[in-house]
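Based on the hints, put chain B in the right spot on chain A.
So the chains spell out like this:
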Amino acid sequence: MFYFRLFATYVRVGILGELEYRANFWINMIQSALDLSVALGGLAVVFSHTDTLGGWRPEELLALIGVYFLIGGLIRTIIRPSMTQFMDQVRQGTLDFTLTKPADSQVLVSIQRIEIWRLVDVLIALPVLATALVRLGTRLGLVETAVFAVTLLCGGLIVYSFWLMLSTCAFWFVKVENIQVIFMSMWQAGRWPVSIYPAWLRSVLTFLVPVAFATTVPASAVSGRITTSTLLGTIALAAALLLVSRWFWRVGIRFYSGASA
Amino acid sequence: MFAYYPIYKGYFRTALMVQFQYRIAMLIWLLGGIIEPLMYLVVWRTVSEQQGGSVGGYETNDFVVYFIAMMMVSHATFTWIMWEYVYRIRMGLFSVMLLKPIHPIHSDIADNIGYKFLTLTVMGPLTLLLAWFFEATWQPLPWTLAAFVPVLILAFLMRFYWEWSLAMVAFWTTRIDAMNQAYIVVGLFFSGKLAPLSLFPEIVQRAADILPFRWMLAFPVELLLGRITPRELLIGIGAQLFWLFAGYLFMQFIYRAGIKRYAAFGA
Numbered sequence: 001m002f003y004f005r006l007f008a009t010y011v012r013v014g015i016l017g018e019l020e021y022r023a024n025f026w027i028n029m030i031q032s033a034l035d036l037s038v039a040l041g042g043l044a045v046v047f048s049h050t051d052t053l054g055g056w057r058p059e060e061l062l063a064l065i066g067v068y069f070l071i072g073g074l075i076r077t078i079i080r081p082s083m084t085q086f087m088d089q090v091r092q093g094t095l096d097f098t099l100t101k102p103a104d105s106q107v108l109v110s111i112q113r114i115e116i117w118r119l120v121d122v123l124i125a126l127p128v129l130a131t132a133l134v135r136l137g138t139r140l141g142l143v144e145t146a147v148f149a150v151t152l153l154c155g156g157l158i159v160y161s162f163w164l165m166l167s168t169c170a171f172w173f174v175k176v177e178n179i180q181v182i183f184m185s186m187w188q189a190g191r192w193p194v195s196i197y198p199a200w201l202r203s204v205l206t207f208l209v210p211v212a213f214a215t216t217v218p219a220s221a222v223s224g225r226i227t228t229s230t231l232l233g234t235i236a237l238a239a240a241l242l243l244v245s246r247w248f249w250r251v252g253i254r255f256y257s258g259a260s261a
Numbered sequence: 262m263f264a265y266y267p268i269y270k271g272y273f274r275t276a277l278m279v280q281f282q283y284r285i286a287m288l289i290w291l292l293g294g295i296i297e298p299l300m301y302l303v304v305w306r307t308v309s310e311q312q313g314g315s316v317g318g319y320e321t322n323d324f325v326v327y328f329i330a331m332m333m334v335s336h337a338t339f340t341w342i343m344w345e346y347v348y349r350i351r352m353g354l355f356s357v358m359l360l361k362p363i364h365p366i367h368s369d370i371a372d373n374i375g376y377k378f379l380t381l382t383v384m385g386p387l388t389l390l391l392a393w394f395f396e397a398t399w400q401p402l403p404w405t406l407a408a409f410v411p412v413l414i415l416a417f418l419m420r421f422y423w424e425w426s427l428a429m430v431a432f433w434t435t436r437i438d439a440m441n442q443a444y445i446v447v448g449l450f451f452s453g454k455l456a457p458l459s460l461f462p463e464i465v466q467r468a469a470d471i472l473p474f475r476w477m478l479a480f481p482v483e484l485l486l487g488r489i490t491p492r493e494l495l496i497g498i499g500a501q502l503f504w505l506f507a508g509y510l511f512m513q514f515i516y517r518a519g520i521k522r523y524a525a526f527g528a
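Going line by line, the protein sequences match chains A and B. Taking my numbering, the leading residue of the first sequence gets 1, the next gets one more, and so forth. Taking my numbering, the leading residue of the second sequence gets 262, the next gets one more, and so forth.
Looking at chain B on its own, in the form it has when it is part of the complex:
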């Protein structure tokens, strides 16, 4: 385990240096991830105000806090690997990665975390600004804050392993736009991004329990809002561990199968 420490240190340094070169592009790419939750925040705030200040157990202020938290959790856990891999394979960049005596997922994780560190300088102040602007009030409970840290790390890892595995589809076909979008759309409905899950019909909620998306986003967000009981917390962490383990197995399997298929473009 500790053998990876110097490797990650090196990866972080290069990732930060490379990404700092593209700081303007980085800011622009952030915009989509800010506008989307902001849009749903405004929609649900409007609905709540019209309904006399509360909808489905969420008060107006809860919606504001929910979507600001959703923006942060979604930013913290998102990956762009499903687009990156197609590019790598099409351009033959993957051949170079194969030569390195280390699993390629490590440099991707370091890259992702490096990006998150840099963008925190924007997202942090932005969160405060939005909270001030929408007059959000939030009283965190100490135990949920403590539990939030491992829950967020688990959410990040399970999302990373699954999306990294899905990115491996690029070994079979490089036309993955429709598949990526299907993944995003299914995720949108079942992750709580569109609206808190308790506002959906019963059947969507039960489906969300079974699918991984809720445990990636809605669960950490609801935990921050203090809407999770200790019992639900344990169930949630269990679900996260299950999906992380399943994602890990899936990754091992599909990566091995993919490598066998891989023949560098142009070779």
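Okay, chain A solo, but in the shape it has when bound:
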């Protein structure tokens, strides 16, 4: 409960901060619309020459794009800004202030900066996702919807844990912002189902940078092609990564000694 209030406070601060830059809303809106036009345009060109792509039908790929924008929006709204700020704090030594606050440091760090206008990615994702779901409608029961929600949550948690672990490296290597560039570069490959990629690239996108779990897996839940073992595996991985990243964070925080000390 306490952490919900804390989160609400940070959201409010985020809104207040960003209201000063109202033009940013329109800029983000334009950017998201452009991103979406690339994704949809790509689909249109591909499906003007074929009926399915690696066994995926157009509406299933539309669902994938919806998921891609939804998770991508969450990354851009909360995860990336918070983690970027955290890395700055480690470099400048201002992380000390966060550590003295009477709340869990990992939670504080993870939600400390919320770029509210980036939520337009999520806003854009919802109609896309809705269109895809309606078109798939006949085959989508209660169970599938629940499975979809669970995989979406797990995908979000996997991306978060992974990103937290990368950022935690800042305790040792200080300058690691470029690691984020690696993630965002790989992320764009998540617009397409990972099953079409050659084996080596698929393993990179599944295990090295867990893009597949955040995009392909939830989308395959919607299209009813997810197997029980994939579902259980995703849940297990999300739980494991959450625990490992938590443990790694604690090791890191113990190692941290302030920038000027």
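Derived from the structure by calculation, the hints contain no laboratory data. Note that the structure is a prediction, hence the values are computed from the model and not measured. Just so you know, not all the hints are guaranteed correct.
Listing some non-contacts, in silico: residues in chain A with all C-beta distances to chain B over 10 Å [stated by the list, open to error]:
#1 Thr131
#2 Gly156
#3 Ile226
Quick list of simulated restraints, FRET-style, between CB atoms [stated by the list, open to error]:
#4 A:Val174 with B:Gly293: 20 to 26 Å
#5 B:Val279 with A:Tyr3: 43 to 49 Å
#6 A:Val174 with B:Gly353: 57 to 63 Å
#7 A:Val134 with B:Ala518: 46 to 52 Å
#8 B:Met358 with A:Ile30: 26 to 32 Å
#9 B:Leu277 with A:Thr145: 52 to 58 Å
#10 B:Lys270 with A:Trp200: 49 to 55 Å
#11 B:Gly353 with A:Leu40: 26 to 32 Å
#12 B:Glu463 with A:Leu142: 43 to 49 Å
#13 B:Leu402 with A:Met29: 43 to 49 Å
#14 A:Val174 with B:Gly487: 46 to 52 Å
#15 B:Ile363 with A:Ser48: 47 to 53 Å
Here a beta-carbon is modelled for each residue, glycine too, at the ideal position from N, C-alpha and C.
Just chain B now, kept in the frame of chain A:
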């Protein structure tokens, strides 16, 4: 013309030294430019295999070669100047550049070419690796290879002049993210990066003829693949020269106008 030679030599030396300092960051920034064509390569290879080995006049192997060539041409001609200028103006770095008795575009060109030289050590082997991996076969025609050199240089220059001119918008506003992205997205559809242009509807192809993007990327790539007739080659070079000249005039105009507007931040 030759007066610039020692100046460029100096610029190259410093550019190489500076960039070598940031070699890891350099590698990481390469990644985006590798993943994107790789992604479309895989997509179109999959489509082609599903359609029995050929789509819109391109066979599976043609797609592989097309996108590997696209990766190289796009890498050879890309610039980051539209982001760099905003940073320069915001940080007041531009004031220093104004003091030098030479047009600032020269140091940027040298900088860009220096970066390309350093990154060639990665992109070269990577091309071979991808070609081997996707079992690409490519039989170059001697005359297209010979024509490719000036075509690539023209493509680089026209892209550089246009993007450098667009970067001048930073004199008027430093919030250019949406504009940069609009430029990239329009380019994506009309340059052949997303798919070979002949796979697009007729109207997109005709628009691509008129816009500069095709002559920056798709044209050199198709030339490498041997899909350009000598007549089309002449038309293409003509279009490149036209856009280069237009870009040069535009650059002169907008740079002069921008300089007048410029008042250093913090001054």
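Structure-based check of all given hints:
1. Thr131: At roughly 21 Å from the nearest Cβ of chain B, threonine 131 of chain A sits farther out than 10 Å, so the non-interface label holds.
2. Gly156: Given that every Cβ of chain B is farther than 10 Å from that of glycine 156 of chain A, nearest at about 22 Å, it holds.
3. Ile226: Holds: least Cβ distance 21 Å, greater than 10 Å.
4. A:Val174 with B:Gly293: 20 to 26 Å: holds (24 Å)
5. B:Val279 with A:Tyr3: 43 to 49 Å: holds (46 Å)
6. A:Val174 with B:Gly353: 57 to 63 Å: violated (26 Å)
7. A:Val134 with B:Ala518: 46 to 52 Å: holds (51 Å)
8. B:Met358 with A:Ile30: 26 to 32 Å: Because 30 Å falls inside the window, the suggested range holds.
9. B:Leu277 with A:Thr145: 52 to 58 Å: holds (57 Å)
10. B:Lys270 with A:Trp200: 49 to 55 Å: violated (42 Å)
11. B:Gly353 with A:Leu40: 26 to 32 Å: violated (41 Å)
12. B:Glu463 with A:Leu142: 43 to 49 Å: holds (46 Å)
13. B:Leu402 with A:Met29: 43 to 49 Å: holds (48 Å)
14. A:Val174 with B:Gly487: 46 to 52 Å: holds (50 Å)
15. B:Ile363 with A:Ser48: 47 to 53 Å: Because 50 Å falls inside the window, the suggested range holds.
Checked against the numbered hints given earlier, the structure breaks hints 6, 10 and 11 and satisfies all the rest.
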